[in-house]
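Participant: Here is what each chain is made of, one letter per residue.
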Amino acid sequence: MIWGLSDAMAKTASIRGRAAASCPAWSRRRPYQVLAPEAYVQIKNLIEKTVASGLIYLNSHARDFADAGDARSISISTCAARAGSDAVGRVKLMKLLWDAVGTEFGGRHELYEINYSGSHEEIRRYALFGALASGQYDRWKQFAESCMAEYDLDGWKAKDLVDTSRISALR
Amino acid sequence: MPTEWGGFTHRYFRAPTNVDEQVAGGGRDRGVGAAHLWLARALPDYKAAFLGTLGANAEFYAPYQANAKRWYRFSQERVPFINHAIIHPRWIATSRRARQAAPTDVCARVVKETDAGLYVTGAKVVATGSALTHFTFVAHHGLHPVQGKNFAIVFMVPTNAKGVKLICRVSNEMRAAMLGSPFDYPLSSRPGRERRHLRHGQGVRALGGRVRLRRRGEGQATSSRGRASFPAPCMHGCTRLAVKLDFITGLLIKATEITGARVRSAASRPISAR
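For the record, the sequence lines run as chains A and B.
The working numbering puts the first residue of the first sequence at 997, with every later residue one more than the last.
The working numbering puts the first residue of the second sequence at 1180, with every later residue one more than the last.
Take these hints with a grain of salt, some might be off.
[Said to hold, decoys possible] Just a few of them, taken from the derived set where beta-carbon distance is under 8 angstroms, the chain A residues facing chain B: (1) M1005; (2) V1037; (3) Y1053; (4) L1092; (5) T1099; (6) I1110.
[As the list claims (entries may be wrong)] Covered stretches of chain B (chain A as the covering partner; in silico rule of three or more C-beta atoms under 8 angstroms from a C-beta of chain A): (7) 1329-1342; (8) 1423-1434.
To be clear, the hints were calculated from the coordinates, so they are not data collected in a lab.
Heads up, the beta-carbon is just placed ideally off N, CA and C, and yes, glycines get one too.
Based on the sequences and whatever the hints tell you, model everything.
Facilitator: Right under this line is the structure:
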């Protein structure tokens, strides 16, 4: 989805300014700005639901693996290492995934993604004002109105639609 | 790649003129490493996407369009590390009076103007790694209920100018180094991710008048409507997120293989969201 929006932005250009510079079209930028925060939050939530306690039982420090008591064997027995992953490899991966989405660093980046293009209200105002300025707002409205103009209280008004009132049970 | 002036620069530092150049530039390089994904807006190519508007849309800065062009060319030829400060701080207002007063107390504004330049004060949110930059590009973004010529400013300030203060949160790198190791915090232990808040002390001199980019007689709320919008950084941000989700998806796939969750095919949902 996000790659699709990036491709769409790169490949649609509106030319502006005396320098005739090219920039990604408004209509491809606004969907990204609104959708990205929604997607990121859901992805983080899915990771937490899917990997679940795999992200929880982690030892505190790399040095645990060198200590007596052997975090390595505890980790293997409690975490049921699968797919050929040893305890160090499993912990290494889970710590990286947790640092990406859950530590103060990762959690702060979720806040960052939620507000990347502006506040949640501001990015929607941009979408609204952009639609108003480009004429898209009126085009969408006209599209809806063209459908509504095809019928009224007396039935179909459009010439290509069949009048079915004669078989109505409520006639 | 060649510049408009016969020199050469990195691709991102030249504003694209057609779709082909746009596809090639704008931070759409998929071959970045994991470390780049969290640097995000601290990256020089993101700043370059910003600075492109100075050349592409110089007339926005009239009557200072020559200054905009000059900075566009300077950034291409010298590739300084430029910081950006466009977001206003959040102000907390508990009363009607405070609501009216607060923005004018904290937002960046001109307090004095001499032949030598503008003196500005106010607070802005700046990007990660700001303390390492040469200059800070100060502009505004979005609509704010502040009217007045003194607020309608876009300017460059040397990050080491007298009076500029950067306020930083706790260092993730330091915390990771003291309590953990790269193994324990593989991302946050990397250097340079401290987001800082820029606070111009009273009367910071924002370079000479020739460097000033914009100050017109219209209020900020109205000037924002015709603002120098930043479409190229938007594309950069989108591509960055796409690569970041590629990376996170890779981690998730590996995690589901280890925990056995992959058997339940639970990983299929985030993959479709990418």
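Participant: If you check each hint against the structure, which ones fail?
Facilitator: 2, 3, 6 and 7
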